[in-house]
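Chain A is already provided as a structure; the job is to place chains B and C on it using the hints.
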Amino acid sequence: MTTTEHAAETAGGPPPAVAASGITKRFPGGVVANDDVHLELRAGEVHALLGENGAGKSTLSNVLTGLYRPDAGDLWIHGRLTELHSPRDAIDAGIGMVHQHFRLVAPFTVAENVVLGERSPFRRREAEERVRALGERYRLPVDPTARIWQLSVGQQQRVEILKALDRDARILILDEPTAVLTPQESEALFEVMRAMADEGRAVLFISHKLDEVLAVSDRVTVLRDARNVGTVTTADVDTRELARMMVGREVVLGRARTGRAPAPANGARPPALVLDGVGADDDRGCPALHDVTLTVAAGEVLGVCGVAGNGQRELAEVVGGIRRATAGTVTVAGERLRKADPRVAHAAGVAHVPEDRLHTGTAPSLSVEDNLALLAHRRPPLSAGPFLRRSRIRARALELMARFGVKAPGPTTPVRLLSGGNVQKVLLARELSSDPALVVAASPTRGLDVGAIESVRATILAAADAGAGVLLISEDLDEVLDLSDRVAVMYEGRIVGVVDRDEADVTELGLLMGGATLAEVGP
Amino acid sequence: MNSNLFVVIAASAIFYGTPLYFAALGEVLTERSGVLNLGVEGMMLMGAVTAASTSIHAPGPTWFALLLAVLAGMVAAGALALLHAFLVVTLRVNQVVSGLAITILAGGAGLSSYLASVWGVATGPVPHQLSSLDVLGLGDLPVLGPIVFDQNALTYLSWAALIGTSWYLFRTRRGLELRAVGESPATADAMGIDVTRSRYLHTVVGGMLAGVGGAYFTLAIVPTWTDGVTAGRGWIAIALVIFGFWRPDLTLLGAYLFGAFSSLAPTLQTRGVDVPVQLLDSLPYLTTVVVLVAVSSGWASRRVGAPAALGTAYEREDR
Amino acid sequence: MIRLERRVETPRWLDVAVPLASFVAALVVGGLVLQLTGHSALGTYERIVERALTSDGALSGTLVAATPLLFTGLAAAVAFRMNVFNIGGEGQLVLGAIAASGAGLALEGRPGWLIIGAMVVAGAAAGAAWAAIPGALRAFTGTNEIITSLMLNYVAANLATYLIFGSRSFWRSLEGSGATFPTGKRLPPEASWPSLELGGVVVPFGFLLGVAGAVVLLVVLRATRFGFAMRVVADAPAAARYAGIRGRRVVLGVMALSGAAAGIGGASNIGDTRHVLDPRGLNQAGYGYAGIVVAALARLNPVAVVFVSIVMGGLANAGRALQGPDFPAGLVGTLQGLLLVFTLGGEVFARYRIRRARTVHEAHAGAPPPPTAEVTA
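If you read the sequences in order, they're chains A, B and C. Residue 96 is where the first sequence starts when you use my numbering, and the numbers rise one by one after that. Residue 279 is where the second sequence starts when you use my numbering, and the numbers rise one by one after that. Residue 46 is where the third sequence starts when you use my numbering, and the numbers rise one by one after that.
Looking at chain A on its own, in the form it has when it is part of the complex (with noise of 0.2 Å):
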């Protein structure tokens, strides 16, 4: 770390805790995700950093904690010209960081993991009693002598936040951090924030979320396409003002489901799914799902929500034909699947889109038409005996490409090469060819910008009024809400709740995610 001592303070009180000026970031392959960004974070203060996905928020973090290093720009640190060269240049300098994908070691402990990277001797006793003595203090108690791997989500943020507490970070940046917490949970952590401004340090609050930014912020700087659009005092906006800075146009993302009418509860088609008493184990071999009963009418939107890692991923594999149901039925368009088999759920009328739409969805390295092809290019016409038919690739690649407005310079391009936007439609492209009786759909929408989130919330909505069910799994609530016909929430791999979309409540939803029963939120 490099350090040069500023000469002159600011006029009007010390120098702000973080001034970042001109900070261009460039990715390989042209991608430019800071240009010419400024941040000015002062302490005592919740200064939320507001942007798209895209927009250069983690980018930015990323560059505050040595994880990056611009191509251009100064930092300076309590007004000092300051250069980060790894990640313990930013510890040193006082620099906290909460990873919106927690830096925890999942076999350690939790006091393990809080004092890792110190520099003292390591005796355990004394950091697990260090541990909960802090946790006490900020009232964010854990046990420290429990494994990562043993804790909820939510608990594994605390430890995130203890991390940088133990080293006294007078600088705290929290990356999305409210993307895994019920809304609840949220509001403990934004008391927790507010605490840790009152204590005189600066705190960073990333978010996408115009409500949140505006109940905890009190300054706000917004990001879109990698520039500074503003940087506000979060009293004298609303959240219009806001979405508007951050998308650059009006926009009404609320409700698209409105004026649709709920769809019919007809005897004349079988419902898109029926689960009965469902059961299954996750990869460690422990019980994921218990008793599962869930039936997704055709046309019909159903929501799943939950806090990540209460089962979502197993439902949606088991109903794929992916994992192994250990017990009950799954019935999709009223034929039972009697075997964990992808090829036979997909005969039955199941398209998947997982959530990791890159790595799970699509082979990155192969082309977009090869990606399209896949499924189909077991039989004819994308193939005759065991030889491919390229040029038949080729034309249904083509011709699903414009259906589906996948930009890409080419069919041969590999996929890993597009954006997310362009990488979930080729997905949706290919599940959706086959006019599926069900569409199970995970997270489909996480990640991208908002254009994008728009296409494919219309694809996903479309297939709905064709005719298909629809099983949308997601942990982002408003999404939830806005797509769907009824909404289910998952507790601990059991359906805690099933209520209609009209009278679902997000306080209500938010308590039965973080385990209320239905009798207990009451009607």
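These aren't lab readings, by the way, just hints derived from the structure by calculation. Ideal Cβ positions, reconstructed from N, Cα and C, are used throughout, including at glycine. A hint or two may mislead.
Dumping the calculated SDA-like pairs for lysine to any residue here, alpha-carbon to alpha-carbon at most 20 Å [unchecked claim]:
(1) A:Lys502 to C:Glu54
(2) A:Lys434 to C:Arg291
(3) A:Lys434 to C:Ala283
(4) A:Lys502 to A:Pro459
(5) A:Lys434 to C:Arg293
(6) A:Lys304 to A:Ala330
(7) A:Lys434 to C:Phe185
Here are some chain B residues the structure puts well away from chain A; computed CB gaps all over 12 Å [claimed, not checked]:
(8) Ile334
(9) Phe342
(10) Arg370
(11) Ser410
(12) Leu411
(13) Asp412
(14) Leu416
Rough simulated footprint, nothing fancy, chain C against chain B, three-plus residues with beta-carbon under 8 Å [to be verified]:
(15) 387-399
(16) 510-522
(17) 565-572
Using the frame of chain A, we list chains B and C on its own:
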């Protein structure tokens, strides 16, 4: 005579197991940092040929020549490990392919054989050999004496290495950091731990230990250089790491088990048991296959102890 | 400080330039090793070229030496492409040789074409079966195929040794000198594979078979459903699983295909060159490991394997012809190893751009004060 046979097999299990243990212990350290080193066989051979040459050409009393030989073996194998580290950590070459390349480069038909010709090593038994040391004067104890107290210096050293490595891995901050690097380099990096340095360091130290294992062959077991003298023991050492769940103590047990199989052929032959020698020679390899299958299926298949980031390069700015 | 930055796309010219530069670098370092150990680098290289290419009958010898490498190279290429690391080519070749010599001996008296066909089929089947052991273990119990396939090399070597030296087996000659000194039975003359003469160069039948095999493999990879499944499994196992591709069968199939290639290499060793099962010769040759070098240098492309195998075959041919105090046994292996290491290192230039990280802050003496003015929208 039964107890006598037991003593002979137990003592030679340790004798033949020791070089396997050195190599496997080195691989435990290397893999704990997330680096898979399939070059162990090549590194052992480099250690073996360098140690043999040093034993032939070094001056002085036997203890000095032997010390020099072992050190030379460590340096030669460590240099190869440094090459592996450079390829996989800095250049991010596929770890499997790099390890194979190292073994092919240094292997029985490669550099080790070439150096043996150049240095004139393959002339006969090396002059300075490791002999058993009766420490504490306990070598005459019944049963335990010949098994435990009548081994050579490197065997005693391997026991010290077991204790030292276990303490290092599970009781020190450096050990904690090493394990973090192997489990989650992104976390270690964010916590200010130098992932690259840790991986280089443990790959080189692991290679040096493989070099000690190789030196043991030409200084104690054979003790003559022949091309490919280690006969695949480097690969068995890699299997032992899996067998031992990446723990120094369990790996020692595995090494002695394989040591026992390696000693079976010479022991039974001297006793005139009529089994095809090729079958006995195949036993360590077949056992390795069986053991690997056992460890990778059933309850053990959850790979308890396998570093989560094993075999993957770490790129900070990957996206 | 130097940093590596991932290239989004590799320029075409690098595909050629990088392997060439690696080749040259390996020769330079190999020369350094030669000079340091008291040999003349240029002199040695000159003699290698002479014995591999220019002297009388050298090219024919080179093709003979290239044939087994062509097969083991194909074996490694097809498996490595799928991230199935079959390093048991050595053992699969030995099994192929055992089976092919067995077939040749058993069919004595039958027409030549039948014997030769049976030898090829037997070699392929035995190699495939031997490779299917680690393949099945990998597919069904998740056992790492690297170590198991390698362990089976030693078992195969011991098996071949046992057949000739440790037993009175069908393969062992018990007449004449064979009664006292163990050797294998000679195959009948009809079992000798034909060869083709092209402008004074003798091309062994096995080599032609290998070229045909390379073309077949290329077609399998590019134009069949199996090749498609292979590419998906190799690139994204999870995506393959979701698409209902039977990953285990693909792994097993690839291992068998790989083993079959190596096995035909063993059959060619009997039919083209030795005409007798010779465990010592097989076990010392190291065809399997050299095949990995060939495959890596060919960047796992079956057609490129053909050409690289000729280069490596030349090296091996010269090494055999020149072997002596001036040209120690390990020299060829060392040069091969260096080629491999430099090729791997060179790959990095194709995949990454080398950038010097900037150091800017020297330029910031007398830096302006940090921005404090509030920017408003």
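Against the structure, the hints come out as follows:
With a C-alpha separation of about 18 Å, the suggested pairing of Lys502 of chain A with Glu54 of chain C holds against the 20 Å cut-off. For the hint pairing Lys434 of chain A with Arg291 of chain C, the CA-to-CA distance comes to about 14 Å; that is within 20 Å, so the pair holds. For the hint pairing Lys434 of chain A with Ala283 of chain C, the CA-to-CA distance comes to about 19 Å; that is within 20 Å, so the pair holds. Proximity of Lys502 of chain A to Pro459 of chain A is assessed by CA-CA distance (about 16 Å); at most 20 Å being required, the pair is judged to hold.
Straight-line distance between C-alpha atoms of Lys434 of chain A and Arg293 of chain C comes to about 17 Å, which keeps the hinted pair within the 20 Å bound. Proximity of Lys304 of chain A to Ala330 of chain A is assessed by CA-CA distance (about 16 Å); at most 20 Å being required, the pair is judged to hold. Simply put, Lys434 of chain A and Phe185 of chain C have alpha-carbon atoms about 18 Å apart, close enough for the 20 Å limit, and the pair holds. Distance check for Ile334 of chain B against chain A: the nearest CB is about 45 Å away, which clears 12 Å, and the non-interface claim stands.
Listed as outside the interface, Phe342 of chain B is consistent with that label: its C-beta sits roughly 37 Å from the nearest C-beta of chain A, beyond the 12 Å cut-off. Every C-beta of chain A lies more than 12 Å from that of Arg370 of chain B, the closest at about 14 Å, which supports listing it as non-interface. Look at Ser410 of chain B: its CB is around 39 Å from the nearest CB on chain A, clear of 12 Å, so calling it non-interface holds up. Here Leu411 of chain B stays apart from chain A, with its beta-carbon at least about 35 Å from theirs, past the 12 Å limit.
A cut-off of 12 Å between C-beta atoms confirms that Asp412 of chain B is not in contact with chain A; the least separation is 39 Å. The Cβ of Leu416 of chain B sits about 36 Å from the closest Cβ of chain A, beyond the 12 Å cut-off, so the non-interface label holds. With 10 residues bearing a CB less than 8 Å from a CB of chain C, the segment 387-399 of chain B meets the requirement of three and the coverage assertion stands. As drawn, the segment 510-522 of chain B meets chain C at 6 residues by the rule of a beta-carbon pair under 8 Å; at three or more, the given contact holds.
For a cut-off of 8 Å, the count of residues in the segment 565-572 of chain B with a CB near a CB of chain C stands at 4, and the three-residue condition holds.
Violated hints: none; the structure is consistent with every hint.
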